[in-house]
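These protein sequences, in sequence, are chains R and D.
Using the working numbering, read the first sequence as starting at 1 and increasing by one per residue.
Using the working numbering, read the second sequence as starting at 1001 and increasing by one per residue.
Simulated from the structure, these hints should not be mistaken for lab results.
Some hints could be false.
[As the list claims (entries may be wrong)] Here are the computed lysine-lysine pairs in the BS3-like style, where the Cα-Cα straight-line distance is at most 25 Å: (1) D/K1082 with R/K155; (2) D/K1118 with R/K108; (3) R/K204 with D/K1118; (4) R/K187 with R/K108; (5) R/K155 with D/K1064; (6) R/K155 with D/K1191; (7) R/K124 with D/K1118; (8) D/K1118 with R/K155; (9) D/K1064 with D/K1101; (10) D/K1189 with D/K1064.
[What the hints assert, rightly or not] If we take Cβ atoms under 10 Å as the criterion, some of the chain R residues that face chain D in the derived model are: (11) S42; (12) Y76; (13) S78; (14) N80; (15) N82; (16) D83; (17) R86; (18) M128; (19) S129; (20) K155; (21) L191; (22) L195; (23) Y203; (24) R207; (25) V208.
[Stated by the list, open to error] Label pairs and their in silico Cβ distance ranges: (26) D/L1106 with R/F101: 25 to 35 Å; (27) R/Y136 with D/K1189: 49 to 59 Å; (28) R/A133 with D/K1101: 49 to 59 Å; (29) R/E179 with D/S1130: 45 to 55 Å; (30) R/L178 with D/S1130: 45 to 55 Å.
All C-beta atoms in this analysis are idealised placements derived from N, C-alpha and C, irrespective of residue type, glycine included.
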Amino acid sequence: MLNNTKHILLILGLFVALQFRSQNNDSVSVNNSGWFSLGGRSTISAFGDEGNGIGTGGQFRIQLNNSVNTEWFADYISINVNDKVRSEYIHIGWSVMYYPFSKLRYPKLLQPYLVAGHCFDYNKMTVMSNPSASKYRWGSAVQCGLATHFNLTPKFDITLMSQYMIHFTETLQAETNLEPIGITQEKEAALQGHLLTTVSLNYKIFRVWKGKK
Amino acid sequence: MERKKIGFLAVVLISLCFRSNSQNNEIIRPGLIRVMGTISPSKMLGMNDSYFYLHGNFEAYLNKKVSFCGDAYYFLGAQSGKSTLEMNHNIFYGLLLHFTKNTNDLYMGIQPGVAITKLNPEENGISNSSAGTNPVFSAIAGYNFYVNPYFNFFIQSRFILGEHNYDLHKDISELRLSAGLGFNLNVLKQKK
């Protein structure tokens, strides 16, 4: 009787261990390449020369393989400069997302990644009390940072991302201490940046291609 | 006699609603479309103002746990006499996460959006004001009770974070509350 119980416990233990192993193998063998996702985003711009601002936008993603994903985004950000000048940014760009941890990938809840990319940006500064006093410029920027997906369901994730964006362009400067308030464009290109913290919602809609398992 | 007839009709209607509900296997499933319209009161967090909005919503369930949701708010004016803003219309879009059990649907979500705002010149001491678009962030939580395949009761609260940056800077962060009767319809056949 004792022997039988031991055997049953041993078989049960082996079965449970095999179940866990099988689950782990499943999580690694899930092929995520080809997924097209669509979503919306909110961004907070901080630590720039101008002050803090809020942005709204959207993005789509195309996942290349289990390690690499791509994101294509557009943002509209409005920054209040010392309660006197409105600085508006439009970012249209793309990022490459790299998932470095093979054990922290979908379908795991937490999926951290590194992100880097490029965008075209438009900046317009306007004196709030005098809308005719306004200047704009077009430019280019690069961004990189850290992020994580929260995979809440098999197709839905919330992503928290923090990245530093550096603009390679002639910058606009608001002279809010002067009267009347002045907006000047620097003649030489300068490195100017801001920290962008984004929360985005994404839903996997369809697979552009189906990879091998 | 008239009262008795009305009471009898009310009881029959309510029992039909619940009968219909019990006959239907599942209301909350992929393909459920939900729309509603209501009056929504609010409290501004950055100033001592309270407003009313006409709130409309469209929601499509992608599965039992996730829905796409778009909301529009039309500014109706101040609840009291003071109105710093002359206009504050909003559009929001996003995905909501649902926790459902039978016909109960508790949800939460994040919706980015924009506010189209304009200051009230008299209240702000300026000669005239211009309308402008401001990005806003919002987080929502709410509860739906699906009475039958066509109607639901809902309550929703929304936190909005935003700034008005035209003419003068104003904090337009706000709390809003919406409640009422919504309409729903399953547009996809239930999988067996």
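Hint check results:
no.	hint	verdict
1	D/K1082 with R/K155	46 Å, violated
2	D/K1118 with R/K108	46 Å, violated
3	R/K204 with D/K1118	37 Å, violated
4	R/K187 with R/K108	49 Å, violated
5	R/K155 with D/K1064	12 Å, holds
6	R/K155 with D/K1191	19 Å, holds
7	R/K124 with D/K1118	20 Å, holds
8	D/K1118 with R/K155	39 Å, violated
9	D/K1064 with D/K1101	10 Å, holds
10	D/K1189 with D/K1064	14 Å, holds
11	S42	4 Å, holds
12	Y76	6 Å, holds
13	S78	5 Å, holds
14	N80	5 Å, holds
15	N82	9 Å, holds
16	D83	4 Å, holds
17	R86	4 Å, holds
18	M128	6 Å, holds
19	S129	7 Å, holds
20	K155	7 Å, holds
21	L191	25 Å, violated
22	L195	16 Å, violated
23	Y203	6 Å, holds
24	R207	16 Å, violated
25	V208	19 Å, violated
26	D/L1106 with R/F101: 25 to 35 Å	33 Å, holds
27	R/Y136 with D/K1189: 49 to 59 Å	52 Å, holds
28	R/A133 with D/K1101: 49 to 59 Å	58 Å, holds
29	R/E179 with D/S1130: 45 to 55 Å	22 Å, violated
30	R/L178 with D/S1130: 45 to 55 Å	23 Å, violated
Of the hints listed earlier, those the structure fails to meet are numbers 1, 2, 3, 4, 8, 21, 22, 24, 25, 29 and 30, in rising order.
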